[in-house]
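Chain D is fixed; fit chain C onto it per the hints.
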Amino acid sequence: MLKTGYKKFAVLLVLLLFILSAIGCSSSNSSGSTTAPVPNSHKQQEKTISSTKDRKSDAGSVLKVHFIDVGQADSILVQTPSGKNILIDGGNNDDADLLVNYLKDQNVKTLDYVIGTHPHEDHIGGLDVVIEMFEVEKVYLPKVSHTTKTYKDLLLAVKDKGVKIIPAKAGVKPDIDSEVKALFVAPNGADYEEINNYSVVFKLTYGNTSFLFTGDAEALSENEMLKSGFDLKSDVLKVAHHGSSSSTTPEFLKAVSPKYAVISVGTDNDYGHPSEETLLKLNNFKVKIYRTDMQGTIIATSDGESIKFNKSAITPKAATKNISIIDINLRDEVVIIKNSSPQDVNMTGWTLISAKGNQIYHFPEDYVLKSGAIVRIWSGKNARNNPPGDLFWTNDYIWNNDGDTGILKDADGYIVSSNGGN
Amino acid sequence: MNKMIVDRFEGSIVVLEYKGKTYEFPGELLPEEVKEGDVLKVSFKVDKNATVKRKKEIEKLMDEVFNLQK
Numbered sequence: 017m018l019k020t021g022y023k024k025f026a027v028l029l030v031l032l033l034f035i036l037s038a039i040g041c042s043s044s045n046s047s048g049s050t051t052a053p054v055p056n057s058h059k060q061q062e063k064t065i066s067s068t069k070d071r072k073s074d075a076g077s078v079l080k081v082h083f084i085d086v087g088q089a090d091s092i093l094v095q096t097p098s099g100k101n102i103l104i105d106g107g108n109n110d111d112a113d114l115l116v117n118y119l120k121d122q123n124v125k126t127l128d129y130v131i132g133t134h135p136h137e138d139h140i141g142g143l144d145v146v147i148e149m150f151e152v153e154k155v156y157l158p159k160v161s162h163t164t165k166t167y168k169d170l171l172l173a174v175k176d177k178g179v180k181i182i183p184a185k186a187g188v189k190p191d192i193d194s195e196v197k198a199l200f201v202a203p204n205g206a207d208y209e210e211i212n213n214y215s216v217v218f219k220l221t222y223g224n225t226s227f228l229f230t231g232d233a234e235a236l237s238e239n240e241m242l243k244s245g246f247d248l249k250s251d252v253l254k255v256a257h258h259g260s261s262s263s264t265t266p267e268f269l270k271a272v273s274p275k276y277a278v279i280s281v282g283t284d285n286d287y288g289h290p291s292e293e294t295l296l297k298l299n300n301f302k303v304k305i306y307r308t309d310m311q312g313t314i315i316a317t318s319d320g321e322s323i324k325f326n327k328s329a330i331t332p333k334a335a336t337k338n339i340s341i342i343d344i345n346l347r348d349e350v351v352i353i354k355n356s357s358p359q360d361v362n363m364t365g366w367t368l369i370s371a372k373g374n375q376i377y378h379f380p381e382d383y384v385l386k387s388g389a390i391v392r393i394w395s396g397k398n399a400r401n402n403p404p405g406d407l408f409w410t411n412d413y414i415w416n417n418d419g420d421t422g423i424l425k426d427a428d429g430y431i432v433s434s435n436g437g438n
Numbered sequence: 157m158n159k160m161i162v163d164r165f166e167g168s169i170v171v172l173e174y175k176g177k178t179y180e181f182p183g184e185l186l187p188e189e190v191k192e193g194d195v196l197k198v199s200f201k202v203d204k205n206a207t208v209k210r211k212k213e214i215e216k217l218m219d220e221v222f223n224l225q226k
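Sequences listed follow chains D and C, in order. In the numbering used here, each residue carries its 1-based index in the first sequence increased by 16. In the numbering used here, each residue carries its 1-based index in the second sequence increased by 156.
What the hints contain is simulated information worked out from the structure, not anything from laboratory work. Predicted model only: the values in this text are computed from it and were never measured. Any given hint could turn out to be false.
[Stated by the list, open to error] Computed beta-carbon distance windows for the label pairs:
(1) D:K175 / C:K159: 55 to 65 Å
(2) C:V190 / D:K372: 23 to 33 Å
(3) D:A389 / C:V190: 46 to 56 Å
(4) D:D110 / C:V198: 20 to 30 Å
(5) D:T163 / C:S199: 35 to 45 Å
(6) D:V179 / C:K175: 43 to 53 Å
(7) D:K372 / C:Y179: 28 to 38 Å
(8) D:D382 / C:V190: 41 to 51 Å
(9) D:A206 / C:V190: 40 to 50 Å
(10) D:K168 / C:V190: 16 to 26 Å
(11) D:T364 / C:M218: 42 to 52 Å
(12) C:E213 / D:S328: 49 to 59 Å
(13) C:K201 / D:A206: 33 to 43 Å
C-beta atoms are modelled at their ideal positions from N, C-alpha and C, and glycine is treated no differently.
One chain only, chain D, in its complex shape (with noise of 0.2 Å):
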């Protein structure tokens, strides 16, 4: 609690001080970005010519970036249009074979960047293998160290295969190719409590389309980069930490506006990632969100002008547009719910969360709420019980009194309504 709160003041302080220096002086990042080609080992040259025909054919002049469905960790694959493939993460170490034939199904011969975003084992657990199977340039991974031998098998692959690792680090610009740039972000520091923020972000801009890679990163390190005045507006976000409630602030969402927003994150995983709270955050945003475990792999294509995904973005369904939470009365443990729309709607399998603790109460199984219906859900001591207007929840105090949000979920676990209470 006391650490929420000082963590919610640090925010604030460093927002304002970050519209204070973004007043005080005009940008200034821009330092003479590399942009020629550098030429490749002779192999790759051949490799480029034999296969540039499948490789065009397989991209045209699009980026195509795959947000691989590894479950409860994060694997990215970026294809760039002159063919470069970038890999971002490598899932958990039981992810390796499934990477490695993704990969193969990509047409993907070379690795021309692995990036590892930190050492957790859910982002490089598969890089080893990956490492030794597919020819490899370049990897990238932040300068700090790990016990695990999930780590050391990294470092060890590497180190087989004659490369050399380039410490990733807020302000390095890996050369892409000439229409695809990209620069890294974060880490700003080289001392951290927590391993995820030394977490590589990363931003990836094809034409008028950007791409924002925030690894495990944590509200700390987003402080972070909303100081160091990087332009961090991105089309599409791939979602920090799964989702975690400790990453995501509000300032960081605003600066970053993205369009899209992609979580990578395991069905049912223990952890409760994405949070309600993070969701909601999105949804506040306008912002479209897919997801992989809801969905499985995701893959954006962007021809420089615009993106589209291989999935629909999560969204209510129109018929549940217009049932809303109107109102929470947090001292009484009463909410209501209103369907303004002109059908009846069966709310079986629907949800309302309490964001403050993340209880959940579930409609009764058949319940319809009328067209113009409204219905009450009561929590607390004077719960009341008389359906089909006044529904029981539990005897339990359920709302945080000094704030607490309600959160409405239809049957496939879109968030319909949410409202703040008073």
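Just chain C, lined up with the frame of chain D:
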């Protein structure tokens, strides 16, 4: 051999690595000073008294719930 390495914390859960595989563990069972990257010496001990007590408790409950008449 009986070493586990702390890979990471995920809220109240700690992810421990043993022989290159990861296992989830309740964080509250670890000493408070444990950090990411720490190598833990792991040993378990059978609590014989607690086992006997627990067995009695469960068997008493079974006697209540099972139909002994057949």
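The hints, checked one at a time:
no., hint, result
1, D:K175 / C:K159: 55 to 65 Å, "23 Å, violated"
2, C:V190 / D:K372: 23 to 33 Å, "28 Å, holds"
3, D:A389 / C:V190: 46 to 56 Å, "53 Å, holds"
4, D:D110 / C:V198: 20 to 30 Å, "22 Å, holds"
5, D:T163 / C:S199: 35 to 45 Å, "19 Å, violated"
6, D:V179 / C:K175: 43 to 53 Å, "27 Å, violated"
7, D:K372 / C:Y179: 28 to 38 Å, "30 Å, holds"
8, D:D382 / C:V190: 41 to 51 Å, "49 Å, holds"
9, D:A206 / C:V190: 40 to 50 Å, "23 Å, violated"
10, D:K168 / C:V190: 16 to 26 Å, "20 Å, holds"
11, D:T364 / C:M218: 42 to 52 Å, "37 Å, violated"
12, C:E213 / D:S328: 49 to 59 Å, "53 Å, holds"
13, C:K201 / D:A206: 33 to 43 Å, "42 Å, holds"
Violated hints, in rising order: 1, 5, 6, 9, 11; the structure is consistent with all others.
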